[in-house]
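4 protein chains.
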Amino acid sequence: MDSNPIVKLTELFRHFPGLGPRQARRFVYHLLAQDKSFQDQLVYNISNLKKMVLQCPDCYRFFAVSENHQNDIRCKICTDKTRDAKQLMIVEKDVDMEAIQRAGSYSGHYFVLGGNLPLIEKKNSAVIRLAELKNILQSKIKNGLKEIIIALSASTEGDHTADYLRHELISMADTNNIKITILGRGLSTGSEIEYADTETIRNALLNRH
Amino acid sequence: MDSNPIVKLTELFRHFPGLGPRQARRFVYHLLAQDKSFQDQLVYNISNLKKMVLQCPDCYRFFAVSENHQNDIRCKICTDKTRDAKQLMIVEKDVDMEAIQRAGSYSGHYFVLGGNLPLIEKKNSAVIRLAELKNILQSKIKNGLKEIIIALSASTEGDHTADYLRHELISMADTNNIKITILGRGLSTGSEIEYADTETIRNALLNRH
Amino acid sequence: MDSNPIVKLTELFRHFPGLGPRQARRFVYHLLAQDKSFQDQLVYNISNLKKMVLQCPDCYRFFAVSENHQNDIRCKICTDKTRDAKQLMIVEKDVDMEAIQRAGSYSGHYFVLGGNLPLIEKKNSAVIRLAELKNILQSKIKNGLKEIIIALSASTEGDHTADYLRHELISMADTNNIKITILGRGLSTGSEIEYADTETIRNALLNRH
Amino acid sequence: MDSNPIVKLTELFRHFPGLGPRQARRFVYHLLAQDKSFQDQLVYNISNLKKMVLQCPDCYRFFAVSENHQNDIRCKICTDKTRDAKQLMIVEKDVDMEAIQRAGSYSGHYFVLGGNLPLIEKKNSAVIRLAELKNILQSKIKNGLKEIIIALSASTEGDHTADYLRHELISMADTNNIKITILGRGLSTGSEIEYADTETIRNALLNRH
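Protein sequence lines correspond, in order, to chains H, F, Z and L.
Sequential numbering from 3 applies to the first sequence in this note's numbering.
Sequential numbering from 3 applies to the second sequence in this note's numbering.
Sequential numbering from 3 applies to the third sequence in this note's numbering.
Sequential numbering from 3 applies to the fourth sequence in this note's numbering.
Hints were generated in silico from the structure; no laboratory data involved.
Do not rely on the hints blindly, as some may be mistaken.
Since the list can't tell identical chains apart, any single copy or any two copies may satisfy a pair.
Claimed, not checked - With a cut-off of at most 25 Å between alpha-carbon atoms, the simulated DSS-like pairs for lysine-lysine come out as follows:
#1 Lys95 x Lys38
#2 Lys53 x Lys78
#3 Lys38 x Lys52
#4 Lys10 x Lys52
#5 Lys95 x Lys52
#6 Lys10 x Lys78
#7 Lys10 x Lys95
In this text, all values refer to a predicted model and were calculated from it rather than measured experimentally.
Generate the whole structure from the sequences, applying the supplied hints.
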């Protein structure tokens with residue numbers, strides 16, 4: 003790495019998702035132009051992030067320590083007894099879970115998988131939290147789990163991951179009388195018939211109601 | 003209208019959907035640069051378009067006269083006895099019907115509505131072929147119709163039109179034991195959970211399988 | 003070509019610059035949905051386009067016959083005695099000349115070259131009006147021509163064409179004491195220094211004033 | 003500010019130019035997913051940025067302390083005796099200077115103005131380094147300055163700032179026989195005549211050569 007601190011910080015910023023070299027460099031100059039109090043706040047919040055944020059041992063989402071009043075190391079959603087213990091939704095990442103929460107029509111539990119499987123990859127279990135998922139499923143089953151909802155993106159990688167999960171979970175599910183479902187496909191808001199792909203039209207027809 | 007033929011033809015071209023003034027003008031210069039044989043072909047094909055193309059009195063799609071070998075004034079799809087007479091799909095326009103045909107998973111009949119209802123409009127029946135639809139439904143019912151599939155775009159106008167159609171057709175449908183369905187909503191190909199809107203997430207959840 | 007008139011006309015429309023297959027097909031359906039009077043107008047104006055539009059034998063631009071009141075076969079600009087006969091601007095196409103006219107700061111004559119030279123092409127003179135240009139230059143020189151302004155786009159092809167023109171015209175120009183110039187390069191409206199390419203920055207520096 | 007550290011850091015990230023709320027949140031989750039060594043590096047480099055980076059008292063650009071071997075508090079460019087002391091180029095921001103350096107055709111000195119003047123603003127001198135510029139000009143004049151090149155973006159704000167600078171500097175410049183120039187305008191790389199605006203065409207004509 004370059005010994006020039008501007009270049010060095012630019013390179014660190016480039017690790018963030020979706021940030022090109024020019025915008026990363028502009029970030030550094032922006033920081034240089036800020037007063038010390040902004041930099042101090044930034045450093046303080048980055049330094050303490052892992053202390054102030056826990057990763058839930060049940061669903062693996064990140065959450066603020068302050069969120070939980072009961073000294074529980076689990077997150078607010080996993081400890082919420084009003085939520086439906088019969089459903090577990092598997093999402094790829096934290097922000098997906100937030101999108102589902104915003105939609106406001108799901109009241110079961112979550113599991114954050116941590117990624118999608120790349121299409122060509124041998125060690126599948128390494129990139130997603132499969133062992134952790136299987137582990138948590140044991141206790142969920144004891145608590146009356148009846149459905150696993152695979153809620154991944156409608157992409158080739160999402161489908162590949164969903165297939166893999168189904169394959170890995172099917173015997174445990176069958177044994178315990180648990181349904182494995184995936185999110186419905188069809189026209190999403192704004193879809194026009196004229197421009198819809200074959201797959202979407204087929205699913206929209208299949209799921210007509 | 004301007005008496006300048008370049009300006010005049012530019013203005014005529016501007017009537018075509020999605021064509022701005024500059025592209026329309028470029029079309030005129032393009033025409034001027036072509037040899038006479040191209041212009042002759044164009045004039046010939048525009049002049050004869052309505053003679054060589056019929057509008058099917060059953061489904062209201064446009065089709066080539068040559069398409070039908072049996073001297074039937076109805077289109078190939080409406081006269082195809084292998085297609086399922088129990089289903090009628092209502093689409094907005096010809097190209098929507100073509101997209102459904104390309105998808106290859108529907109084998110019933112069609113009806114081209116001719117448009118969507120604007121959200122604020124008094125004379126609803128004027129902009130869409132409602133009377134024609136009701137008329138054709140009478141004969142379809144005699145032929146064993148069991149389902150009307152409303153296949154409009156997943157937009158505010160599409161939904162508004164679907165609601166209106168359902169309201170207009172419901173008693174006729176109930177009397178004759180016909181189901182009225184709409185295309186399924188959910189994730190369309192490429193949808194990412196993170197960016198999906200509330201409506202799409204709700205439908206994807208509802209239609210999970 | 004397909005015997006289906008919808009397909010046939012779609013293919014003809016696809017010859018127009020910037021028109022994809024779907025938009026071309028939508029044009030056909032649009033035409034089918036119009037009343038006969040629109041189609042008649044369109045056919046009339048296309049049929050008569052070449053009769054009502056002349057190509058100026060001096061500058062090779064297309065112009066409405068009605069534009070000229072003096073029964074002159076040359077265009078309004080070439081016959082306008084208030085325009086400066088000392089300057090001739092070479093543009094690629096008619097719409098470029100119109101853009102220059104709109105800018106309102108040039109009062110000399112024009113010559114429409116009819117294209118740019120492709121980068122890899124043997125018969126250069128075939129795709130642009132070089133012989134016609136050389137020919138008209140003879141009479142322009144007699145009328146006191148002092149400057150040839152090459153006004154092509156700032157692209158690789160534009161530059162290649164400009165180089166070629168300069169090479170072809172230089173001895174005639176030198177003999178007759180005519181300057182050959184090209185349009186100035188630099189920051190165009192909206193250019194930001196941060197995103198400007200090397201070439202543009204160099205030219206902006208060179209042409210600083 | 004929210005006490006939730008994820009929300010808090012998201013809000014801090016949103017201060018960076020061009021970062022929306024969703025991308026800012028994704029940055030936080032990205033940070034949470036990194037190992038401690040990455041966070042430590044980031045904190046270290048942000049904390050030490052101002053210590054390791056100086057602002058040159060002559061040109062006001064930011065530069066790495068390590069850049070200068072001679073214990074000079076001024077930057078490498080301002081202390082480079084091979085550069086032409088007769089020219090001073092005024093740019094808006096550090097990255098603009100870097101773009102000019104990349105172009106490689108300027109060898110004079112720079113001054114980073116720190117911004118453009120907003121179009122409606124009373125206290126002009128507050129947002130740009132006018133006092134600092136006037137100050138440094140005094141010493142530059144003693145060293146033989148002959149030209150001030152105003153190298154701002156070709157935008158309304160850039161032009162407004164250039165006008166203001168010219169007005170503020172003109173008498174000092176005249177007294178000392180210094181030219182004030184601005185970057186040349188014209189076609190920038192990729193400009194097409196057909197789509198060029200009036201201003202650009204006029205400048206391209208004026209600066210033809």
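Quick rundown of the hints versus the structure:
1. Taking the shortest Cα distances, Lys95 and Lys38 sit within 25 Å of each other only across copies (20 Å), while inside one copy they are farther apart (34 Å).
2. When the C-alpha separation of Lys53 and Lys78 is checked against a cutoff of 25 Å, the pair qualifies only within one copy, where the shortest distance is 17 Å, while the shortest distance between copies is 42 Å.
3. In this homomeric assembly, Lys38 and Lys52 come within 25 Å of each other (Cα to Cα) both inside a single copy, at 23 Å, and across copies, at 9 Å.
4. Proximity of Lys10 and Lys52 under a CA criterion of 25 Å is satisfied in both settings, with 23 Å inside one chain copy and 13 Å between copies.
5. In this homomeric assembly, Lys95 and Lys52 come within 25 Å of each other (Cα to Cα) only inside a single copy, at 17 Å, whereas the closest approach across copies is 35 Å.
6. In this homomeric assembly, Lys10 and Lys78 come within 25 Å of each other (Cα to Cα) only across copies, at 19 Å, whereas the closest approach inside a single copy is 38 Å.
7. Taking CA atoms no more than 25 Å apart as the test, Lys10 paired with Lys95 passes between copies only; the shortest distance there is 20 Å, against 29 Å inside one copy.
In terms of the numbered hints stated before, the structure departs from none.
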